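First to last, the sequence lines map onto chains A and B.
Under the numbering used here, the first residue of the first sequence carries the number 1, and numbering increases by one thereafter.
Under the numbering used here, the first residue of the second sequence carries the number 474, and numbering increases by one thereafter.
Derived from the structure by calculation, the hints contain no laboratory data.
Note that the structure is a prediction, hence the values are computed from the model and not measured.
Honestly, I wouldn't trust all of these hints.
Claimed, not checked - Label pairs and their computed distance ranges (CB to CB):
#1 87(A) to 621(B): 30 to 38 Å
#2 750(B) to 351(A): 28 to 36 Å
#3 381(A) to 520(B): 47 to 55 Å
#4 889(B) to 101(A): 57 to 65 Å
#5 147(A) to 621(B): 57 to 65 Å
#6 621(B) to 352(A): 33 to 41 Å
The beta-carbon is built from N, C-alpha and C at its ideal position, and this holds for glycine as well.
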Amino acid sequence: MTDSPTRWSVAETVERVERGEVTAAAATGAHLTRIEERRSLNAYITVMADQAREQAADIDRKRAAGESLGPLAGVPLAIKDNILVAGVPCTCGSRILRDWIPPYEATVIERLRGAGAVFVGKSNCDEFAMGSTTENSHYGPSRNPHDPERVPGGSSGGSAVAVADFQAVAGLGSDTGGSVRLPAALCGVVGLKPTYGAVSRWGLVAFASSLDQIGVFGRTVADTKAVFDVIRGHDPRDSTSMRTNGARPAPKQLTIGWPEEYYGEGLDAEIRHSLEQTANRLKDSGHKIIPVSLPNSKYTIAVYYVICTAEASSNLARYDGVKYGHRADSPDDLLDMYRHTRAEGFGDEVKRRILLGTYVLSAGYYDAYYGTAQKVRTLIADDFTRAFATVDCLLTPTSPTCAFKLGEKMDDPLAMYLSDIYTTSINLAGLPAVSVPCGTSKGGLPIGAQVIGRPFEEHLILSVAEEIEKHRR
Amino acid sequence: MRSENERTKAMTPQSVTYDPVIGLEVHAQLLTDAKIFCGCKAAYGGAPNAHTCPVCLGLPGALPVLNRRAVEFAMRMILAVGGTVRHEAIFARKNYFYPDLPKGYQISQYDQPLGDGGSVGIIDAGVEHRIGLIRIHLEEDAGKSFHPENAGDDATSLVDMNRCGVPLIEIVSRPDIHSPRQAGLYLTRLKQILEYLEICTGNMEEGALRCDANVSIRPTGTTAFGTRTEVKNMNSIRGVERALAYEIERQTRLVQSGGTVVQETMLWDEKAQSAHPMRSKEESSDYRYFPEPDLLPLRVPAEWIQTVRSSLPELPQTRAKRLATQYGIPAYDAAVLTDQKALADYFEATVKGFADAKKASNWIMTEVLRILKDRALDVRKFPVTPASLAELLGMIDQGTISATMAKEVFETMVASGRAATDIVVGSGLAQISGDDDLAPLIDAVLADNPGQIEKYKGGKTQLFGFFVGETMKRSKGRANPQRVNDEGRDRDLQQQHGPGARPRPSRRNCGRALVGDHSRIPGGVCARFD
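Here chain A stands alone, though its shape is the one from the complex (with noise of 0.2 Å):
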């Protein structure tokens, strides 16, 4: 335990709020300062320092009074701006909704709330969530803090950045199709895409709605955990929510997937290398790797693409100018404001996705595309199915490339979109995974691992991941 708050972990935070070894308002306060301090490094859009000192003075008042105090007491948290906290602005890292406050706030709000979280400002984030690195937010990029001449990753690069960082105990994202298991790994934090269904997306400004899951960054395995437990569960605001039973017991032996697919060609040598360190020492002590196929892997950024932004296309149609957000100024009529209320509301990423996935939805075309995606994706997720007949969890790569430099693939959409090229397959299958630091470069840039399980256990690939954590240290 070191004597900055910024430095402690959820448990230790919870702990001396409990004993009053420290008060509520402090943690939050030097949360504050170290945020004040790394501006450059560009975590937050708004940073909440009124409303978190306001519920930290809150959470203090009730210990004073002998009140029980949630599981998250005192632990500042840094949301992605895409999560609505009532009464906070939510950009989405998009200058369409600059100034827009919302009325009503996100289920995983409430529920951290209740849990005594403190939220010590709204994260940045590629454009409504649509990028990989973070140099898609219209309030410029968010910086890695072990090069700041690098990216994030994204698209919850400020939420990884801010955890990484000290400048949050632990943060949310949201994972579409590997927004926060790559920046985790870019940045060498704990990040964990929960199963579709496990977490609430009652005020997750939507994406791809069959593929948006909220997820949580941590320093450590048992941060994450201690989030994701509280997040978590049913939500009727939420149809495809799922009530779940508990958990199979985890057997003590795992049999973790080799998935030789994702060691292939355009991975990087040093990560196959970490990775291949990390597969021995999980057999050191008693688990077995095995290799697995899963065939459709060479079709996974295709069909993603064709999927997450025909489901954008339609969800970010609501941005019109009729009723929040920009609105263009004097617009001849109405189609005129249309256009030109989308044409200065949105950057060039979110665009070029409301027309490939416009494109992909139009008469003549969508059996070509769509239909067929939808086809492919079920094959995905069947070879997922098949290789859970036989192991227990697959053990991957998060990213084929350590944290590369800002602007480098900006002109490049096809090369950016490969960096999800080991994540995406997971959304689509609907799968929890979770990306957990394995090693270093060479250039000391961090290295994830990514443990993907069957779906509803995220304790399972949890308790693997704490595994990997605790051989590195």
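Place chain B on chain A using the hints.
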């Protein structure tokens, strides 16, 4: 493939007659308390945007949750028209931009609607036609835009989202309708069924029931479909009929003058009584439907369908048949009475208190309907309760009041809401029916006319009518003619010559004659007796 004959016809369009082919798309707002995907009130009206929440406003982050009741209401309609409820239906997004569509898409159903098939029967010129249905699906309504008139260049349009998310069913007919009149009959029948099921008010003016039409024409006798246009913006059944007549005429003239029909959307202008094409800008040709990812497939187990089926009320045509059989009223009466569910309910409730169904039916079809029509009242708000009407009819039947008086009493009942006995007792309108009241009158008539009695006894039996008429005159019309007849027949003069040997006329037959012109009673009644 067209036949040779058809091709020849097509070459000389002006010599050909054309038949219209019409298919209707009807939207009906469901009468659920809450909207289809959120808990907001679905009620019509309210201050603008009062019944809204993040879901129906389409705020970022909001998600739909399906209202089970809306599904049940839709199932009622599907089952009532003999359609099939799918065990799995899929909601789909229909994407288009419009200011009153807050999400930029409407949640509807596309290739897997809740209901398939079914049909609705209409009777056109005495012949029954069945109009087939393609599908019935569930969807959400959009809001309403207001464009203030005379606003000039700074015109601001306003949007009211109260209607956003109100549940709708869309009922799509096959192109089985062949005239504007048939379209009107079909709509009337749909409206009637919806009202019977108590799932829609059927009010077209308030937009609770809306109709778009697909219209094409083809040379008489041919079967291939012509190019269709879609006609929108009709606000009444009459409006639909007129718009269709207009469009059929327009297409016919166009083709007859060598032109071709272009597939387009026509907007009916009720004021101008004409339709004009929608600007192509306003038309959205590609809705880019895809399955709604925020909702799971709607699973409808067989037991649920069975539960809804067993809760279906009796439908108008079945009820009409039952009324005719059970109460022995003519088919015509049964049809009139079952036109509105509430009127049939009124009739059956009346008959509970007054067993003569035909008399009850007559009174309701003439007096009640007349007043409802004159005052544009809803049966459910009619001030005279069925029990109260039954009481009045009973008073006529027992001879307490005459039919003519009854009409006056009825008017008073409608105006005041008071009971019949109350009005009659209070006004001295009661007939003189009791023996104690009638006997002295009859005695006096007989005493004053000894000569006539002699003639009567001598065989001139038609003079019986004279005695009755005299009695009525002396009572100033208040004597119950039936009772006068009965009393007279019981007198001595009847014993010898009266109709004792003849079948005694029933009160029922007599009652028929009594209803009608008061001045004809003396003669009329007597003629019947002789």
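Status of the hints after comparison with the structure:
1. 87(A) to 621(B): 30 to 38 Å: Holds, since residue 87(A) and residue 621(B) (Cβ atoms, about 33 Å apart) stay within the stated range.
2. 750(B) to 351(A): 28 to 36 Å: With Cβ atoms ~33 Å apart, the hint holds.
3. 381(A) to 520(B): 47 to 55 Å: 48 Å, holds
4. 889(B) to 101(A): 57 to 65 Å: For residue 889(B) and residue 101(A) the Cβ distance comes to about 59 Å; the hint holds.
5. 147(A) to 621(B): 57 to 65 Å: 59 Å, holds
6. 621(B) to 352(A): 33 to 41 Å: 39 Å, holds
Hint check: no violations occur; every hint is consistent with the structure.
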